[in-house]
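Chemist: Generate the whole structure from the sequences, applying the supplied hints.
Just so you know, my numbering puts 112 at position 112 of the sequence shown, and the rest follows in order with no gaps.
No lab work stands behind these hints, which were simulated from the structure alone.
Idealized CB from N, CA, C, for every residue including glycine.
It cannot be assumed that every hint is accurate.
Straight-line alpha carbon distances no greater than 16 Å define the calculated EDC-like cross-link-like pairs of lysine to aspartate or glutamate that follow [to be verified]:
(1) Lys162 with Glu148
(2) Lys184 with Glu275
(3) Lys205 with Glu266
(4) Lys184 with Glu266
(5) Lys140 with Asp211
(6) Lys129 with Glu217
(7) Lys243 with Glu191
(8) Lys133 with Glu11
The calculated label-pair distances, taken between Cβ atoms and stated as ranges, are [what the hints assert, rightly or not]:
(9) Ser220 with Glu286: 32 to 38 Å
(10) Cys131 with Gly160: 47 to 53 Å
(11) Val111 with Pro236: 35 to 41 Å
(12) Glu52 with Glu191: 36 to 42 Å
(13) Pro113 with Ser34: 17 to 23 Å
(14) Gly174 with Val62: 43 to 49 Å
(15) Cys101 with Glu148: 31 to 37 Å
(16) Gly160 with Pro236: 47 to 53 Å
(17) Pro48 with Asp252: 42 to 48 Å
(18) Leu65 with Arg193: 44 to 50 Å
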Amino acid sequence: MCFSSFCWHVEDHHLYSLFPNWGDPKVCYGVSGSHAPASERAMRKHLPNLFEEQPHLLNELVTQLSPSGLKSEGVPLHRAVQHSGEFVLTFPRAYHSGFNCGFNCAEAVNVAPVDWLEHGQNAVELYSKQCRKTSTSHDKLLLGSAREAVQALWELSVLGKKTTRNMSWQSVCGKDGMLTRAVKTRVRMEEERLDRLPICLKPQKMERDFDLNNGGECFSCFYDLHLLAARCKCSPDRFSCLKHAKLFCSCDINHRYVLQLHTINELNMLVEALEGRSEAIIWASEDTTDMHTTRLDHESGMFHKRIKSCDSRET
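Modeler: Next up, the structure:
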């Protein structure tokens, strides 16, 4: 492109963004993620008519505002000149824009290192408030990472395989590990939401292909339903997140139930595995992709495996 520009935006799911440049220089402006709300307030103040017509204008990549407008509102602004062959990395929820000083060619890629998980969770919660669709399942990515990490911990502790991959996963586990904290925070979040629901809402096992068959999003806010979903007998093809379970319909509450991919106890055991508890590592390293679950006999300390019924009548 020649003398082109790109509008103020943050990356989907507040992902990191890495982009190179070939050709003439590119001038980039950026605002750190911690000042993203201030940036949004400034843009709404300077472009009131546009935001009145389109409240979610910032999601459309069509908003241009002079950097001086942000500076006048006290928003800390950073400027960089990117020359050919150089890379620019933007951090989670960092608003950025810029323009090309001539002819150049560029591409960008989003990256999601483990330290992004906390920011990604904040993004999906924000999307829920804005009733905005997600572009990927954060919970599926989070659980997939946890399973990979547990497998690495098992290979380290049982097989003694100190591979680069296993050591890398181990570095983000432990009680204070970034991955452990992200999973623990997510589990506590859903546990609190379950506690707020009427006790008469019965749990049922969620089918493994629920996402593929049902879309996997809340009817109200488009929240990702990979882990849990609420449903009523009156609308078998309609689902809600736990936050909107009470608003689902006007039916008696006894007609509604909660679908769970994993019970809270199972998720807490996964957290314990990430923290390094040996019994939990053995439990979680079992094949969690089939219909088998494992329970610990607290009296004998032995593990017992059982097959869970797929009968939808079981709760």
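Chemist: Would you mind marking each hint as holding or not holding in the structure?
Modeler: Right, here's what the structure says about each hint:
1. Distance check on the hinted pair: Lys162 and Glu148 sit about 15 Å apart at the alpha-carbon level, within 16 Å; holds.
2. Distance restraint check for Lys184 and Glu275: the Cα-Cα separation of roughly 10 Å lies within the 16 Å cut-off, and the hinted pair is therefore satisfied.
3. Only pairs whose Cα atoms come within 16 Å are accepted, and Lys205 paired with Glu266 is accepted, the gap being roughly 13 Å.
4. Taking the CA atoms of Lys184 and Glu266, the gap is near 12 Å; set against the 16 Å cutoff, the hint holds.
5. Among the hinted pairs, Lys140 with Asp211 is consistent with the structure: their alpha-carbon atoms are about 10 Å apart, no more than 16 Å.
6. In summary, the hint linking Lys129 to Glu217 is supported, as the alpha carbons are separated by about 14 Å, within the 16 Å threshold.
7. Using a Cα cut-off of 16 Å, the hinted pair Lys243 and Glu191 holds, with the two alpha carbons roughly 12 Å apart.
8. Pair hint Lys133 plus Glu11 holds up; C-alpha atoms about 14 Å apart against a cutoff of 16 Å.
9. Taken as a hint, the range 32 to 38 Å holds for the pair Ser220 and Glu286, whose Cβ atoms sit roughly 36 Å apart.
10. Range check, Cys131 to Gly160: about 50 Å between beta-carbon atoms, so the 47 to 53 Å window is met.
11. For Val111 and Pro236, the Cβ-Cβ distance of about 39 Å falls inside the hinted range of 35 to 41 Å, so the restraint holds.
12. The hinted range of 36 to 42 Å is satisfied by Glu52 and Glu191, whose Cβ atoms lie roughly 40 Å apart.
13. Taking 17 to 23 Å as the suggested C-beta distance range, the pair Pro113 and Ser34 conforms, at roughly 18 Å.
14. The hint said 43 to 49 Å for the Cβ distance between Gly174 and Val62, and at roughly 44 Å that hint holds.
15. For Cys101 and Glu148, the Cβ-Cβ distance of about 43 Å falls outside the hinted range of 31 to 37 Å, so the restraint is violated.
16. Checked against the hint of 47 to 53 Å, the C-beta distance between Gly160 and Pro236 comes to roughly 50 Å, which is consistent with it.
17. As the Cβ distance of Pro48 to Asp252 is approximately 45 Å, the hint placing it in 42 to 48 Å holds.
18. The supplied range of 44 to 50 Å is broken by Leu65 and Arg193, whose beta-carbon atoms lie about 37 Å from each other.
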